[in-house]
Amino acid sequence: MNTRLRFLTVPAALLCSGLLMAGAAQAAPQVSVTVKVERDVQTTDADGNTDVQRQEAGDAAPGETLYYTITYANSGDESATNVKLDNPVPDGASFIAGSAWGEGTDMLFSIDGGKSFKKAAALTYSQGGETRTAMPEQYNALRWVVPDIQPNTTGSVGFSVLVK
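Residue 34 in this note's numbering is what sits at position 34 of the sequence shown, and the numbering runs on without skipping anything.
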């Protein structure tokens, strides 16, 4: 049986938190977030040359790697500070160790569905009376804390997953 999973992007409103909204007459940050999910697709031309390109994932088969890019932008006239960008690891996939990136951000991880986030080294759980450090394949959500997004600027963070 060939199982294929469909991956949808998470609405931006669910990803971005920590902003204070001000009245229309006051200056305020205006942060928007978009999520892109891609996979590598290999093509071969008439001469037998192969090329690998990233394309929108749409759906994916077990064993495929998906690349998530979360792009944020501040179109407001004030800086946005301590912006939290959360993204779940989709059901049917596992986080790939070392794949999270985001220059100038604080990267945190969750093993409880996004209820709490910690740095990887501090992410622990109890099993059989022992405290264990969570393994990357146990991460089910990621958070990036962006300390400052200046007006009219953009940035990106991301991670990769392996489809189970």
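Hints are supplied without guarantee of correctness; some may be wrong.
[To be verified] Only pairs whose alpha carbons sit at most 25 Å apart, straight line, appear in this in silico SDA-like list of lysine to any residue:
#, residue 1, residue 2
1, Lys119, Glu130
2, Lys115, Asp91
3, Lys118, Thr81
4, Lys164, Thr81
5, Lys36, Tyr125
[To be verified] Pair ranges (Cβ atoms, derived):
#, residue 1, residue 2, range
6, Thr44, Lys119, 41 to 49 Å
7, Ala46, Tyr125, 27 to 35 Å
8, Thr69, Ala28, 20 to 28 Å
9, Gln30, Gly129, 15 to 23 Å
10, Asp112, Asn152, 44 to 52 Å
11, Thr131, Thr71, 21 to 29 Å
12, Asp59, Lys84, 39 to 47 Å
Derived from the structure by calculation, the hints contain no laboratory data.
The beta carbon of each residue, even a glycine, is placed where N, CA and C say it ideally should be.
Now for the hints, and whether the structure bears them out:
1. Between the alpha carbons of Lys119 and Glu130 the distance comes to roughly 20 Å, so the proposed pair stays at or under 25 Å and holds.
2. Taking the CA atoms of Lys115 and Asp91, the gap is about 16 Å. The hint holds against a cut of 25 Å.
3. With a CA separation close to 19 Å, the supplied pair Lys118 and Thr81 stays within the 25 Å bound.
4. Among the hinted pairs, Lys164 with Thr81 is inconsistent with the structure: their alpha-carbon atoms are about 36 Å apart, more than 25 Å.
5. Among the hinted pairs, Lys36 with Tyr125 is inconsistent with the structure: their alpha-carbon atoms are about 31 Å apart, more than 25 Å.
6. Between Thr44 and Lys119 the Cβ separation comes to about 43 Å, which falls inside the hinted range of 41 to 49 Å.
7. Under the hint 27 to 35 Å, the C-beta atoms of Ala46 and Tyr125, about 54 Å apart, miss the expected range.
8. The hinted window of 20 to 28 Å between Thr69 and Ala28 holds, with their beta carbons roughly 26 Å apart.
9. Range check, Gln30 to Gly129: about 49 Å between beta-carbon atoms, so the 15 to 23 Å window is missed.
10. Between Asp112 and Asn152 the C-beta distance comes to about 36 Å, which lies outside the given range of 44 to 52 Å.
11. Checking the proposed 21 to 29 Å range against Thr131 and Thr71 shows it is violated: the Cβ atoms sit about 37 Å from each other.
12. Taken as a hint, the range 39 to 47 Å is violated for the pair Asp59 and Lys84, whose Cβ atoms sit roughly 29 Å apart.
Checked against the numbered hints above, the structure breaks hints 4, 5, 7, 9, 10, 11 and 12 and satisfies the rest.
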